[in-house]
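All chains, please: the whole structure from these sequences, using the hints.
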Amino acid sequence: MATLTAPKIVSSRAEFADSHTLSRFLDTGGYVGLRKALTMFPEAVASEVDQASLLGRGGAGFPAGRKWSMLRKAPVSYLVVNGDESEPATFKDHFLVERDPHQLIEGVIIAAYALQVTTAYIFLRGEFALGLERVQQAVNDAYEHGALGRKIFGSDFSLDVIVHPGAGAYICGEETALIEALEGKRGFPRIKPPFFPAVTGLYGEPTVVNNVETMSNLPWIINNGGAAFAALGGGRSTGTRLFALAGRVNNPGVFEIEMVKNTFRDLIYDPALGGGVINDNKIKAIIPGGVSAPWFGPDMLDLPLGQDEVAEKGSMLGSGSIVVLDDATCVVRAAWRITKFFSRESCGQCTPCREGSGWIERAMYRIEHGGGRLEDIDLLLDLCDNIAPGLTWPPQQTTICVLGPSIPSSVHSAIQMFRDDFVAHVELGRCPHD
Amino acid sequence: MSHFRIDIRQRAEEVLALYPRPRSAMLPLLHLAQEQDGYISDAGIAEVAALTLTTPADVRGTALFYDMFHLEPVGKYVVGICTNIACLLAGGDELLEHAVTSLGCPVGATSNDGLFTLEETECLADCDFAPCVQVNHRYVRTTTPDAFDALVGQLRAGKLDHEVPNHGTLIRVRRTGGLHAPRAEVASERAAAREQREARAAETK
Ligand SMILES: Cc1cc2nc3c(=O)[nH]c(=O)nc-3n(C[C@H](O)[C@H](O)[C@H](O)COP(=O)(O)O)c2cc1C
Ligand code: SF4
Ligand code: FES
Chain A
1 MATLTAPKIV
11 SSRAEFADSH
21 TLSRFLDTGG
31 YVGLRKALTM
41 FPEAVASEVD
51 QASLLGRGGA
61 GFPAGRKWSM
71 LRKAPVSYLV
81 VNGDESEPAT
91 FKDHFLVERD
101 PHQLIEGVII
111 AAYALQVTTA
121 YIFLRGEFAL
131 GLERVQQAVN
141 DAYEHGALGR
151 KIFGSDFSLD
161 VIVHPGAGAY
171 ICGEETALIE
181 ALEGKRGFPR
191 IKPPFFPAVT
201 GLYGEPTVVN
211 NVETMSNLPW
221 IINNGGAAFA
231 ALGGGRSTGT
241 RLFALAGRVN
251 NPGVFEIEMV
261 KNTFRDLIYD
271 PALGGGVIND
281 NKIKAIIPGG
291 VSAPWFGPDM
301 LDLPLGQDEV
311 AEKGSMLGSG
321 SIVVLDDATC
331 VVRAAWRITK
341 FFSRESCGQC
351 TPCREGSGWI
361 ERAMYRIEHG
371 GGRLEDIDLL
381 LDLCDNIAPG
391 LTWPPQQTTI
401 CVLGPSIPSS
411 VHSAIQMFRD
421 DFVAHVELGR
431 CPHD
Chain B
1 MSHFRIDIRQ
11 RAEEVLALYP
21 RPRSAMLPLL
31 HLAQEQDGYI
41 SDAGIAEVAA
51 LTLTTPADVR
61 GTALFYDMFH
71 LEPVGKYVVG
81 ICTNIACLLA
91 GGDELLEHAV
101 TSLGCPVGAT
111 SNDGLFTLEE
121 TECLADCDFA
131 PCVQVNHRYV
141 RTTTPDAFDA
151 LVGQLRAGKL
161 DHEVPNHGTL
171 IRVRRTGGLH
181 APRAEVASER
191 AAAREQREAR
201 AAETK
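Residue numbers (the working numbering), protein chains in the order written: chain A, 1 to 434; chain B, 1 to 205.
For the record, the hints were derived by calculation from the structure and aren't laboratory data. Keep in mind that the hints are not guaranteed to be accurate.
[What the hints assert, rightly or not] Cβ pair distances, simulated, as ranges:
| id | chain 1 | residue 1 | chain 2 | residue 2 | range |
| --- | --- | --- | --- | --- | --- |
| 1 | B | E163 | A | F16 | 17 to 27 Å |
| 2 | B | E185 | A | T28 | 29 to 39 Å |
| 3 | B | P106 | A | Q396 | 33 to 43 Å |
| 4 | B | A150 | A | D385 | 46 to 56 Å |
| 5 | B | D7 | A | L379 | 52 to 62 Å |
[As the list claims (entries may be wrong)] Short, incomplete list of chain B residues facing chain A, as computed with Cβ under 7 Å:
| id | residue |
| --- | --- |
| 6 | Y66 |
| 7 | C127 |
| 8 | R172 |
Glycine included, every Cβ here is placed at the ideal spot set by N, Cα and C.
Shown next as structure tokens:
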């Protein structure tokens, strides 16, 4: 059974139909954390977040406190919030921006105060039409309420927040591509080093980029203290996390549960959470952290949902999305579709990513649609190896950003785990599931 | 003469005022151009170039990178159906095929009456309602073929025009907040904050 005793840190308001309005927000503890933060030194606010040991929720899991303090050398100019959320099967930020935009904004103001920046951008993918409206409305309300603009709540601190719509490009989730988009250009990731926008970011100035969920945790952390947050979860994975569960489960959705205290099995089978697999089918594989992550077999079901726990087994918790593939699923088709996604979304700057994704996609298409040859299977592995040499995880970096080396994950996993399925496609000359 | 209608022009100026550099307003301005014309027209491109102090070639090149911008005319309703992993597992491909028949246009094309453009999309971050459908980027949460046909009927009858407004984002909310203070004031505030912080840092040492 799942452990469901932890408080709801970011999803407490979701039960209300009007959870996105300022009046509901104020009735349920809104801006209490910000008012408290404004009575503290900015460094003290940052140190609470450091103590909470809040890991970034955007995918890489870098500690937010460390990201902020690393930059002390040069004062930060801008805070940028990453709400691009385009990793397939990830939909927790969608939930946060539509259901609790004020909480996000309160978190942004707290972070901006800790960093002493006076301008923050919230970048949301353009397809979040309703989310964009709600966040913009919440920003307007916050100005009216005195929570944004000059001299916030009578303090000496001032902040402007600008809501910036994306326009449909997965790669803009990569932080340097996002910055390019904010500068009004094509979303081409920037060449590293510098590795962090904290060194050179928006308009060439030091910039902190954090995910929507990372920001949404801050009001609770300031209200309850970093230590209370750190007391939840286990190991490096403190607090709770929003898991987006999708695929062949009875009750897909976004669930806030304590990290590490729960396993994949808890999340998928608990009646209060995923509610089990459709038709009681057997699980064939799980994709643990977005489609960039290597797959797990059912033998990993009892693995705790923690960043290091999942990393040790050769995959990643990434964006906190979990997709369940059951025995009615064609894994070849699933891996093909994921490669098609990467091939469509590659920005095209690097040869291994641009060409490799297309090659793999075409070979996978052939196999899935009955035109495959047995040699294609090893050809695929060779192609994968060319993009991410050695096929290790985390992958070797051969390209400007990590989209490239993430391409092989699904195809490599599928061949390793289900080679027979590939052979069956080739021998039958069609997909056995058709 | 401005290509933008007076109300769009006004909103364009609001948007420009939000950013320290005009080029940063590129994507929001392109959204506005698309809202007015239904797609990114040559005149819209010229207007955005003038407002962002760039060239039409620059604007076109940027717009082409982004899937949401259509450089050719599209239908009144752009229907997007996701076939990515979660939607694939829930029958996204079948729904897309069904949509081809019920809308009367192939994927990527516009129906003869100019009402619908059908697109196969990547994940729309609504995977718990798979297969996910958006009309003009509004989630409609219609997942079965029958419900899809009912939706199409309502759209044809013009019954959903409030829930499904025209193309573009941030249509129903004005961007009123932002950069109220003169830039010099912001700069001096920032310098003061920096000084205070350095003083505190010196103290703690
Ligand atoms: C291809 C690619 C796509 C990404 N997409 C997102 C995204 O949609 N949202 C996000 O928050 N981070 C995304 N990231 C990670 C960001 O680059 C960055 O690490 C993150 O926003 C930092 O926020 P955090 O420290 O709060 O997690 C992506 C990275 C890559 C390489
Ligand atoms: S790895 Fe792919 S997406 Fe990333 S910069 Fe290179 S080509 Fe673009
Ligand atoms: S996979 Fe279709 S909406 Fe996410």
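request  = Please write out, lowest number first, the hints stated earlier that are contradicted by the structure.
outcome  = Nothing - there is no hint that the structure violates, so all of them hold.
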